[in-house]
Amino acid sequence: MLLSTILFLPLIFALIVLIWPQDKTIRHVAFGLSIVEFIISLIVLKDFDASSAQLQMIEKHMWIERFGIQYFLGVDGISLWLVLLTTFLTPIIILASWNSIDTKIKGFHAAMFVLQTAMLGTFLAIDAIFFYVFWELSLIPMYFIVGIWGGARRIYATIKFFIFTMIGSVLMLVAIIYLMYLTQQASGHMSASLLEFYKVKIPFVGGSILNLQSLLFFAFSLAFAIKVPVWPVHTWLPDAHVEAPTPGSVILAGVMLKMGTYCFLRWVIPLFPDAAEYWAWLFLSLGVIGIIYGALVAMIQPDIKKLVAYSSVSHMGYIIVGMFVFNHFGITGSLYQMLNHGVSTGALFLLIGMIYERTHSREISKYGGLAGVLPIFTIFFFIITLSSIAVPMTNGFIGEFLILLGLHKAQPVYVYFAVTGVVLGAAYMLWMFKRVFFGEKGELVKDEKHPLKDLSVREIAVLVPLVVLVFWMGLFPNHFLDLTKSSVNHLVTNKNKYYLEIKE
Amino acid sequence: MDHSLLMAILLLSPLVGFLINGIRYKNPTANLSGGIATAAVAISFISSLILVADLIGMPAEARKIHVSFFQWMAVDSFKINAAFYIDQISAIMILVITGVGSLIHLFSIGYMHHDKGVTKYFAYLNLFVFNMLILVLGDSLLTMFVGWEGVGLCSYLLIGFWFSDKEKAAAGMKAFITNRVGDAAFLLGMFVLFATFGTLNIQEMNALAPTTAEASWLGAITLGTLFLFIGATGKSAQIPLYVWLPDAMAGPTPVSALIHAATMVTAGVYMIVRLNPLFIVAPNTMMVIAIIGALTAVFAASIGITQWDIKKVLAYSTVSQLGYMFLAVGVGAFGAGMFHLMTHAFFKALMFLGSGSVIHAMHEEQDIRKMGGLKKYMPITHMTFFFGWVAIIGIPPFAGFFSKDEILWMSFHSPLGSPALWVLGAIGAAMTAFYMTRLMCLTFWGKSRVPKSVHPHESPTLMTIPLIVLGILSVVGGWVGIPEVIGHSLGDIPNLLEHWLHPVIKPIPNLTEAEHSMEWMLMGVSVSLATISAFIAYHFYVKSPETPEKIANSIKPLYNLISKKYLVDELYFGTIINPLINGSKRLWMFIDVNFIDKITYVISDLVRGGGGVVRALQTGNLQQYAMLIGIGIVIALSIIIMR
Amino acid sequence: MQSTNFLTEVGLNHYLILSALLFVTGMTGVLLKRNIIVMLMSIELMLNAVNISFVAFSKYLNNVDGQIMVFFVMTIAAAEAAVGLAIAVTIFKRFKEINIKFFEHLRG
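Protein chains in written order, with this note's numbering: chain U, 74 to 577; chain H, 46 to 688; chain B, 123 to 230.
A few of these clues could be false.
Unchecked claim - No more than 27 Å apart at the CA atoms, straight line, and that leaves these computed lysine-lysine pairs for DSS-like:
{"no.": "1", "chain 1": "U", "residue 1": "507", "chain 2": "H", "residue 2": "71"}
{"no.": "2", "chain 1": "H", "residue 1": "609", "chain 2": "H", "residue 2": "211"}
{"no.": "3", "chain 1": "H", "residue 1": "161", "chain 2": "U", "residue 2": "519"}
{"no.": "4", "chain 1": "B", "residue 1": "155", "chain 2": "B", "residue 2": "223"}
{"no.": "5", "chain 1": "U", "residue 1": "514", "chain 2": "H", "residue 2": "161"}
{"no.": "6", "chain 1": "U", "residue 1": "119", "chain 2": "H", "residue 2": "124"}
{"no.": "7", "chain 1": "H", "residue 1": "161", "chain 2": "U", "residue 2": "522"}
{"no.": "8", "chain 1": "U", "residue 1": "379", "chain 2": "U", "residue 2": "439"}
{"no.": "9", "chain 1": "H", "residue 1": "609", "chain 2": "U", "residue 2": "507"}
{"no.": "10", "chain 1": "U", "residue 1": "507", "chain 2": "H", "residue 2": "630"}
{"no.": "11", "chain 1": "U", "residue 1": "514", "chain 2": "H", "residue 2": "71"}
{"no.": "12", "chain 1": "U", "residue 1": "558", "chain 2": "H", "residue 2": "124"}
{"no.": "13", "chain 1": "H", "residue 1": "211", "chain 2": "H", "residue 2": "161"}
{"no.": "14", "chain 1": "U", "residue 1": "507", "chain 2": "H", "residue 2": "610"}
Please keep in mind that the hints were generated in silico from the structure rather than gathered at the bench. Remember, predicted model here, so these are calculated numbers, not experimental data.
Work out the full structure, taking the sequences as your base and the hints as a guide.
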C-alpha cells in the first residue's frame, strides 16, 4: 500500500487545497502536506532492500482485464532516488513560491500536487498503459503552470512545449499498443505489463532502420528524447523555461526532464537491447553534440534563465551519453547526474527566481557588482555554480567523472570531444557569474534609494537543504550509490536478456 | 601520537580555520581572523613536523605513512578511498606548504590589516591550504585531482578578491578557465591510465609501471602521461597555458607569494615527480616536457626583462623558474626538480613578500619606474630581498645556485637531455640574472624616483619576521642538496636530499658516470654568464640609466613585441575566444532560431494550411450539409449495390 | 410481377413508388426551401413516406413489426415537430427572421 499512498496522496492534497476555505493559509497547508508526503516517501527509503535488484514493494491489480492492463506499481534501485527527488523538491518549490505566485493560489498548489502524482506515477508504474496515463497527465498541470503564471510569451511557450512532447508520446502510444499485440502473439494473452514486454523477443536486423526492433526503439526514443531533451529536439526547453514561473522551471528542470532519461533506462535499453546497442553511436553523437552545443549557446545568452536552460541541454547530454555506453560507470554516473542536475539546476532556477523577484529583470547586462550588495545570495549562487560546473567535492563532479570514465572505457573517441564540455561549462557559468556579481554595480544594482535586500530567512531555508545535498552527494556518494548498485549491476550484466523479478 | 589522528589534524585544521572565518566573514578584525588562520596553518605545520619526524625514524625503504579515512566512491571495479599518504616526496611538500604557508599567513595580517574583507581573505587562504594538502597527500590521482581543482578554485577566489574591479574579476576567471583546459586533459590522462592499469592509486600504478621504455607516441602510458603533463602546463603555467599567471598578480601580494609562486603552481612538477616511474618509461613525454620547460624558461625570462610592474616581473620570473623545474623532470632529474621547487618556494615567496612590503610602503604603487633608492627607507626588506636576488640568479652558495646548477648539469648530462637544452637553460639563467638585477636596481638602488607625496617606510614587525625567516632559508636552503662534485672537494658533504629521495625516485636509464671536469666547466660557464649579465644590468640601470632606453629604441619592433608579451593574449583572443563566441552566436541563430524552430513552424503551418483547405467545406449552411449527406449516401449505396 | 396487372391491381410496387415520390418531394423541400417552417413540414413528409413503406412491407411480408415501427416513427415525428416548431418560434422571436440563410453560425 505504501507506493499507492505516495502516489495518490498528492491527488487528495490537491482536493484539500481546492476546498480549503481560507485563502490566507493555503500556502501553509500546502507546504505542510508536501512535507507529510516527503516524510512518507522516506519510509520507502527505509524499507528498500539495497542488496536486491528485484522490483520491490509491488502492488498489482487487474485494471482492464480484456487487454491485460494492470494497476502495477513497483520500485527498484533505478527509480528509487527519482521518487525521493520528486517528493523532496515539492516542499522546496512550494516554499519558494511563497511570494512569487500571488494570483490563483489555490489553482497553483492544486496543479503542483497533480503534477507530483503524475511524475511519481511515471517513475513507479510498471504497466505500459498505466505508465502512459501518468506520462501524459504530467503535461496538463505543467501546461497550466506555464500558461497561467508564466511570463509574457507564455502561450507561445506552452503550445510549443505541448506540441513537441505530444508528437513524441503519440508515437510511443502506437509502439506500446504494438508491443501489447506482440505479447499476445508470444504468450497467448495480451498484457501491458513491462515485465511481460521484457520477455518478448523482438526481431532485430542490423544495418537498416526498417526492422521491428529499430522502429519500436525509435518510437520510444523519440518520445523520451524530446522530454530529455536531446539535441536537436531541445528548442522547446529554453522557451518553456524562460516563460515558466520559478516553481515551474524548477519542477521542469528538476524532475520532468528526468522522466525522459529515466525512461531510457527503464524502457528503451532493456526492451530493445540490440537496437540500442546498434544505434548507440547515434545517441552518443547527439549527446556529445548536445554537451558542446548547449555549452556554446549558453555562453552567449543575454538572459540568465535562458543560459541555465541551455546549460541543462548540456548537462542532459552527459546523461544521455552515460546511458548509451552500457557499462557500470556510465549508467551509475547517469543516474547520479540525474539527481545532481535536479539539485543544482533546480537551485539555480530558485536563485534566479529570487533575484528576479527583487529586480524584475533577468538581463545579464543590467547586473554587475551584486556580490558587494547581496553577499549571502552570492555565496549560495557560487556554491551552486561550483556544483553545476562539477568541481570536485560537489555532487556534479561525481556524476560527470563517472560518465566520462564510462565513455572512455566504451568509446574513447567520444571522450575527446565530450571533455571540452568541462572547459566550456566553466566558461559560460563563470563568465555569467563575473558579469552578474563582479565588476562595477550595474543599473539594477546601484539604486541607492531602494537597496536590494539580501535573502530572507525563508529563502535561506529554501536553499540550505539543496546546498547540504550538494556537499553530501559530493563527499559521500556511496550513501546514494549503494542503493542503486545492485539494480545497475543487474542491468549491465543482463542487458541483452533483461528481466525483472518481483520481490514478494 | 596516532598517525591517522595526526593526518586528520594536518588536513582538517585549515578547513576548520576556513569554516570559522567563513562564518564570521563580515568581521573586519584583522588580528583575530589572521590569528585564527595562522594558528590553523601552524597547527598543520606542527603535525606535519611530527609526521615527518616519524617518517625519518623509519627505515629508508619503508618510509611511508598511509591513512585511509573512508571509501569515497565505489562503482564496480573503480574504488577510490579518501586516503592520504606521506612519503619522501610529499613530506617535502607538506613542510613547504604549511611552513611557508604559516609565514605568509603571518605576513598577511600586516599586509591586509586595513582591508574590509580581511576575514574572508583568511578564510580563502585557509581553504587553499586545505586543498593544497589534499593535492599533495592524496593517494590516488582522483584524490589529487580534488585538491588540484580545489586550489584552482581558491586561486580564482583570491585573484578576484577585489571583485569590484572588473579587470581583477576577469583575471580570476581567466585563471580558472585556463586551468580548466589543463584539468580536462588531466581527466583524459586519468581515463587513459585507468584503462591501462585498472586503478588510479598512485602507489599501485607506480608498482605496475613497466620496466621497459615505451617507444610509441600512441602507447597508453605515453598518451596518459602526456595528458597529465598538459594538465600540469595549466596548473604550473607553462607554454601554452601560462597566460593566466601574469594576470593572476591582480590578487593580494601574499596570495601571489603563497599560491602563484611557492605552492600551487609547483603542483604540476610535484605530480610528475610523484608519478616518476610512469613518466620515466615514456621517453617521448619526457622529451616534450623538457623542451616545453626549456622554452618556457627562456620565453618567460625574455618577457620579464621588459616589464615595469614589480609583480609582473616576479610573475614572469616564476613562469621561467617553473620552466626550469619541468626541464629538470623532463630530463629525468626528478630529484633536481623537487630541489628547485623547494628552493624556489623559499626565495620566490621571499621576493613576493618583499615586493608586497615595497608595495605596502609605496601606497599600492607597483611601477618600478616610480621607485628607486628604497634601500635607505626599508633596510630589512632590502636585505632580505638581496638574499632572494642572489639566490635566484644562482650565486654560490645561495639556495638557487645548487638547484639550478644541478638542473643545468643534468640537462646536459642525462641521456634524456641534450646540449641544446643546456644552452637554452644557460641563456635563461643569464636573462634571469639580468632582469632580477634590473628589478633590484630600479627598486632599491640608484636614485630615488619616488613621487613627493609618497613617504616610504619600513613595514611592521609582523611583516618583516616572515621576510627574515625566508631570507635565512634562501641562504641555507640549498645546502641540503649540495652536488656530489662540490661536496666531494669540500670534504664529503653528503647530498642529503638525494639520499632522502632515492628510494622513491626511479633512476634515469643508461646514465653514465659524471665527468667532474665537464661539470666544473659548465658550472663555471653558467655562473659567470649570470654574473656578467648581472653586472651589465647593474651598469645599465644604476650607472647609466639612459643606455637601456637607447638599446630599446634601436630594436624598437622586437622590444615592442616582447614588452607586449609576444601578443600571445591577443593571439588567443583572436584565434580562439572571439571566434568561439561569435561562432556560438551564429550557431545559435542558425541552428536553433533559423533551423529547428523553422522546421516546427513549417510543420505547424502545413497543418494550419491543410485545415484552411478543408475549412471551405464547412459553410455553416445546414442545407448544404444535408445535401452532402444525401450525396454521400447515394455514392455509398451505389458502391454497395454495384459490387 | 406482370406489367398487365400494374394498372388494374394495386400491389406493393405502387406503395413503394408513392413512398419514394413523397420522400423525394420532402427531401427537395428540406434541401431547397429557405423557410424553417416549410423545412420542418418537408421533414414530416419524409417521415411519413417512410411510414408508407413500412406499412406496405408489413402487409406484404405478413409481419407486424413494420407497423409497430410506424408508431415509433409517428411519436418521434410528433416530438420532433414540437421541438422543431418551438425552436423556430424562438428563433423568429429573437432574430425576427425565419430564413435559414441567416443562420450560418457553424461556418468554419
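Hints, one by one, checked against the model:
{"no.": "1", "hint": "507(U) to 71(H)", "result": "21 Å, holds"}
{"no.": "2", "hint": "609(H) to 211(H)", "result": "21 Å, holds"}
{"no.": "3", "hint": "161(H) to 519(U)", "result": "20 Å, holds"}
{"no.": "4", "hint": "155(B) to 223(B)", "result": "10 Å, holds"}
{"no.": "5", "hint": "514(U) to 161(H)", "result": "18 Å, holds"}
{"no.": "6", "hint": "119(U) to 124(H)", "result": "26 Å, holds"}
{"no.": "7", "hint": "161(H) to 522(U)", "result": "23 Å, holds"}
{"no.": "8", "hint": "379(U) to 439(U)", "result": "15 Å, holds"}
{"no.": "9", "hint": "609(H) to 507(U)", "result": "26 Å, holds"}
{"no.": "10", "hint": "507(U) to 630(H)", "result": "20 Å, holds"}
{"no.": "11", "hint": "514(U) to 71(H)", "result": "20 Å, holds"}
{"no.": "12", "hint": "558(U) to 124(H)", "result": "13 Å, holds"}
{"no.": "13", "hint": "211(H) to 161(H)", "result": "18 Å, holds"}
{"no.": "14", "hint": "507(U) to 610(H)", "result": "25 Å, holds"}
Checked against the numbered hints above, the structure violates none of them.
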